[in-house]
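Participant: Residues per chain are reported as follows:
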Amino acid sequence: MAKSKSAYSVPGKIGKIERHIIVVWVDNEAGVLARIAGLFSGRGYNIESLAVAEVDKKKHISRITIVTEGTPQVIEQINLQLKKLVPVHKVADFKRGEKDILFRELALFKILGNSKKIEKVKKICKKFNPVVLDKTNKSVVIQVTALRAEIDKLALDLKSLGLISTSRTGAVAMTKGPKIFN
Amino acid sequence: MPKLLSGAEIVFKALEDQKVEYIFGYPGGAVLPIYDELKNHKSIKHILARHEQGAGHSAEGYARSSGKPGVLLVTSGPGATNAVTALTDAYMDSVPLVCISGQVPTHLIGTDAFQECDTTGITRPCTKHNWLVKDVNDLSRVLHLAFEVATTGRPGPVLVDIPKDIQFKKGKYKFFKNTLKKKLNGKAARKIPNTELDKFIDLIKKSSKPIFYTGGGVINSGPEASKYLRELVSLTGFPITSTLQGLGAYPGDDPQFLGMLGMHGTYEANNAMHDCDLMINIGARFDDRITGKVDEFSPRSKKIHVDIDPSSIGKNIKVDLAIVSDVTELLKSLIKRFKEKNKNFVNSNKQKTSKWWEQIEKWREKKSLNFINSDKIIKPQHAVQRLYELTKTQDTFITTEVGQHQMWAAQHYKFNKPNRWMTSGGLGTMGYGLPAAIGVQIANPGKLVVDIAGEASVLMTMQEMSTAVQYRLPIKIFILNNEYMGMVRQWQELLHEKNYSESYTAALPDFVKLAESYGCVGIRAKTPDELDEKIKEMINIDKPVIFDCVVDKAENCFPMIPSGKPHNQMLLGPEEEEEISDEGKILV
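Chains A and B supply the protein sequences, listed in that same order. 1 is the number of the first residue of the first sequence in our numbering; add one for each residue after it. 183 is the number of the first residue of the second sequence in our numbering; add one for each residue after it.
Since the hints were made in silico from the structure, they are not lab data. Check each hint, because a few of them may be wrong.
[Unchecked claim] Calculated cross-link-like contacts (lysine-lysine; reagent style DSS-like; alpha-carbon spacing at most 27 Å):
1. B:K497 - A:K13
2. B:K747 - A:K84
3. A:K59 - B:K356
4. A:K138 - A:K126
5. A:K13 - B:K475
6. B:K561 - A:K59
7. A:K84 - B:K359
8. A:K95 - B:K388
9. A:K83 - A:K110
10. B:K359 - A:K83
11. B:K373 - A:K59
12. B:K484 - A:K16
13. A:K16 - B:K500
14. A:K83 - B:K250
15. A:K83 - B:K388
16. B:K354 - A:K57
17. A:K90 - B:K500
18. B:K544 - B:K387
19. A:K57 - B:K537
20. A:K16 - B:K497
21. A:K13 - B:K485
22. B:K373 - B:K316
23. B:K548 - A:K84
24. B:K514 - A:K84
25. B:K497 - A:K90
26. B:K537 - A:K58
27. B:K359 - A:K90
28. A:K84 - B:K387
29. B:K351 - A:K83
30. A:K16 - B:K485
31. B:K388 - B:K544
32. A:K95 - B:K548
33. B:K537 - B:K548
34. A:K57 - B:K359
[What the hints assert, rightly or not] What follows is a list of derived Cβ distance ranges for each label pair:
35. A:R168 - B:P375: 24 to 32 Å
36. A:K13 - B:H289: 38 to 46 Å
37. B:P260 - A:T136: 32 to 40 Å
38. A:Q73 - B:E679: 52 to 60 Å
39. B:K521 - A:V10: 54 to 62 Å
40. B:G701 - A:A30: 43 to 51 Å
Just so you know, even glycine gets a beta-carbon here, dropped at the ideal spot from N, CA and C.
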């Protein structure tokens, strides 16, 4: 490696990368998503997936769920930087794999094929709450809800069965039991 | 029913209620209704800059020397984009600014109209928050919130973008207060728990090699903070060093003060930072110019970090005790708690830290700020020293540009009070000092305001001399003229085999004649013999002055920590430079 000719310091050790799910409650106002996304891009953080929708119509509060990766130090910074934004009300942070948290993603698959093939598709999807949203004699649109990795695998398996289009949401999250985020 | 006001009237009503006395700005198509309203508000004086960047830095200088927010008024499009450098500068150095920008009428937004730009989009990453006001009835709430966001917590710039039709529309006005309360972002009003204070005091008591490392947070917290800091430092008898932005919070000529730390800090300050067993960081942010190589930064110390911004803590350096607080609040409670329990601390502690002080004295003996003076040519360090000696008896305000002269000013000018030192540290904006001096002079009429400048930096915003002349602001522009972008030249010498690529300015203006053409006074000093007389002449002129101080072209700024090196491996001067290995040079 070429020696540094820089007036900046050389990088130090890099910590272990972890995947986190960060939930942010924000005022649903113009530009708020750009502020969140801009914070991530401006500071070089990752967004793996993003899900946003208004959850309180009266107070105009949106709940944003972000899946991200980073060292513990970076994850801490993401949390602290998010909390500084004026339209942000609160921030919750979960490590992937935490037991008390539920995660779900939703996917729509469009598959071409005869009824025999489609039966096969339904069978493969059985574990993931499949709902047939549209059916013709040549095609089917099927909805599943599952974890990210499960949907990844499903999409791969369906490829040979005539999968021609996939649409997916980002992950959403909720705590188990009567407890809520605070 | 309350009287309806136009958007432009609401702007001024809000400024009046916020007790704004000065706005810095530049008119244009999209802010004309606001400018039209100016005449009806005698308590607010508008300072017409020559460029929006200049207006922005002036507002910064005003804010930093007065403790009040600076207000900036610019038009849409180029007016707003020109203000971006000043906003970013204020963001990096935590300066409270409220920028009001005009915008094209709402029905034209998004159509690429004349002088349209996405102002809130462009300024989103360089403001604490910004707003595009699309309803005149939102305007008073947004304006007051803007002042609150700018001045609370860690201060910073905000921007309010007001489309032209909203400036004409009639709406309701209301004075809103403290809408931000819900946020930690606001002034940390929480009481600091005694457990945290006791931990703090316990660390102080256990330490035998302590150091205070203080920064701009002390200045931003207000003059009270400096008072308490002096009390705490004297109570403990510990040594103290300061960042570039913190200079003046503690007296520069006090024996407990080790001088500035960091890349061009003193030998004693940096070595003490490296070898200490307790580092007490108050209002500083472990910036990369301070820490150098993070892995080797002060390896054996316990670290306490006091900061009002939670995201500053643990960002670069892990600490043992983190306290999110305003500096004044923390120091006040800490001193109270400390005094209750430790009446004779200094005496009992003297012995514990005596070896540490002996070591510090040894480092001090290196006299790392020394330089080889000359009787033929003016050394830039000598010029700053003379300026200090000849101005120290009066309350002097110093601004700087960015580069070698800035470091020499920080090293050789001793500050005894907060808010007397205005320099662009975080962003490092060349061209900051001259317009900043204008803002400082406005906030401090009758006081001596000197911009210690480099000839390259000062040319970036030289047009603002015209502003100084217009408002009869007797600022002194003290140029250390070496015809080079000195810091660039120094790095090229040390890092790039003396390939002085584009760092020499082959055609400079005659600064004396330039001064005259602006209608101010030009003075030139070429030899050490005439320097004192000329500086005295400058001080005594009640007009703006450009002082062309012709200095040694090849002088380098020492001491320095070569990048990639820990604090205890400083280069002290050119003699040592010859001795370091090729490998060492590369790492600078």
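Participant: Hint by hint, note whether the structure agrees.
Facilitator: Against the structure, the hints come out as follows:
1. For the hint linking K497 (chain B) to K13 (chain A), the alpha-carbon distance of about 14 Å falls within 27 Å, and the restraint holds.
2. Taking the CA atoms of K747 (chain B) and K84 (chain A), the gap is near 33 Å; set against the 27 Å cutoff, the hint is violated.
3. Restraint check for K59 (chain A) and K356 (chain B): satisfied, since their Cα atoms lie roughly 22 Å apart, inside the 27 Å limit.
4. Between K138 (chain A) and K126 (chain A) the CA atoms are separated by roughly 21 Å; this keeps the pair inside 27 Å, and the hint holds.
5. Proposed proximity of K13 (chain A) and K475 (chain B) is supported: the alpha carbons are some 11 Å apart, at most 27 Å.
6. Our distance criterion of 27 Å between C-alpha atoms is broken by K561 (chain B) and K59 (chain A), whose separation comes to about 64 Å.
7. Distance check on the hinted pair: K84 (chain A) and K359 (chain B) sit about 20 Å apart at the alpha-carbon level, within 27 Å; holds.
8. Restraint check: the Cα-Cα separation between K95 (chain A) and K388 (chain B) comes to about 37 Å, which exceeds 27 Å; the hinted pair is violated.
9. Only pairs whose Cα atoms come within 27 Å are accepted, and K83 (chain A) paired with K110 (chain A) is rejected, the gap being roughly 40 Å.
10. For the proposed pair K359 (chain B) and K83 (chain A), the alpha carbon gap of about 21 Å is at most 27 Å, so the pair holds.
11. For the proposed pair K373 (chain B) and K59 (chain A), the alpha carbon gap of about 30 Å is over 27 Å, so the pair is violated.
12. With a C-alpha separation of about 24 Å, the suggested pairing of K484 (chain B) with K16 (chain A) holds against the 27 Å cut-off.
13. Only pairs whose Cα atoms come within 27 Å are accepted, and K16 (chain A) paired with K500 (chain B) is accepted, the gap being roughly 16 Å.
14. For the hint pairing K83 (chain A) with K250 (chain B), the CA-to-CA distance comes to about 25 Å; that is within 27 Å, so the pair holds.
15. Straight-line distance between C-alpha atoms of K83 (chain A) and K388 (chain B) comes to about 35 Å, which puts the hinted pair past the 27 Å bound.
16. Our distance criterion of 27 Å between C-alpha atoms is met by K354 (chain B) and K57 (chain A), whose separation comes to about 26 Å.
17. A C-alpha spacing of about 24 Å is found between K90 (chain A) and K500 (chain B), which places the hinted pair at or below 27 Å, so the restraint holds.
18. For the given pair, K544 (chain B) sits about 24 Å from K387 (chain B) by alpha-carbon distance, which is consistent with the 27 Å threshold.
19. At most 27 Å may separate the alpha-carbon atoms for a hinted pair to count; K57 (chain A) and K537 (chain B) exceed this at roughly 66 Å.
20. Among the hinted pairs, K16 (chain A) with K497 (chain B) is consistent with the structure: their alpha-carbon atoms are about 16 Å apart, no more than 27 Å.
21. Our distance criterion of 27 Å between C-alpha atoms is met by K13 (chain A) and K485 (chain B), whose separation comes to about 20 Å.
22. Taken as a hint, the K373 (chain B) and K316 (chain B) pair is broken in the structure, with Cα atoms around 39 Å apart against an allowance of 27 Å.
23. Using a Cα cut-off of 27 Å, the hinted pair K548 (chain B) and K84 (chain A) is violated, with the two alpha carbons roughly 44 Å apart.
24. Between K514 (chain B) and K84 (chain A) the alpha-carbon distance is near 26 Å, which keeps this suggested pair within the 27 Å criterion.
25. With a C-alpha separation of about 20 Å, the suggested pair K497 (chain B) and K90 (chain A) falls inside the 27 Å cut-off, and the hint holds.
26. The hinted pair formed by K537 (chain B) and K58 (chain A) fails the criterion: a straight-line CA distance of about 66 Å is larger than 27 Å.
27. Simply put, K359 (chain B) and K90 (chain A) have alpha-carbon atoms about 22 Å apart, close enough for the 27 Å limit, and the pair holds.
28. Restraint check for K84 (chain A) and K387 (chain B): the C-alpha separation of about 34 Å exceeds 27 Å, so the hint is violated.
29. Distance hint between K351 (chain B) and K83 (chain A) is unfulfilled; the C-alpha atoms sit about 35 Å from each other, more than 27 Å.
30. For the hint pairing K16 (chain A) with K485 (chain B), the CA-to-CA distance comes to about 23 Å; that is within 27 Å, so the pair holds.
31. The straight-line distance between the Cα atoms of K388 (chain B) and K544 (chain B) is roughly 23 Å, inside the 27 Å bound, and the hint therefore holds.
32. Proximity of K95 (chain A) to K548 (chain B) is assessed by CA-CA distance (about 51 Å); at most 27 Å being required, the pair is judged violated.
33. The suggested pairing of K537 (chain B) with K548 (chain B) holds, with an alpha-carbon distance near 18 Å, which does not exceed 27 Å.
34. Only pairs whose Cα atoms come within 27 Å are accepted, and K57 (chain A) paired with K359 (chain B) is accepted, the gap being roughly 26 Å.
35. For R168 (chain A) and P375 (chain B), the hinted distance range of 24 to 32 Å is not satisfied, since their beta carbons lie about 46 Å from each other.
36. The hinted range of 38 to 46 Å is not satisfied by K13 (chain A) and H289 (chain B), whose Cβ atoms lie roughly 55 Å apart.
37. Checking the proposed 32 to 40 Å range against P260 (chain B) and T136 (chain A) shows it is violated: the Cβ atoms sit about 57 Å from each other.
38. Range check, Q73 (chain A) to E679 (chain B): about 37 Å between beta-carbon atoms, so the 52 to 60 Å window is missed.
39. Checked against the hint of 54 to 62 Å, the C-beta distance between K521 (chain B) and V10 (chain A) comes to roughly 45 Å, which is inconsistent with it.
40. At about 47 Å, the beta-carbon gap between G701 (chain B) and A30 (chain A) stays in the expected band of 43 to 51 Å.
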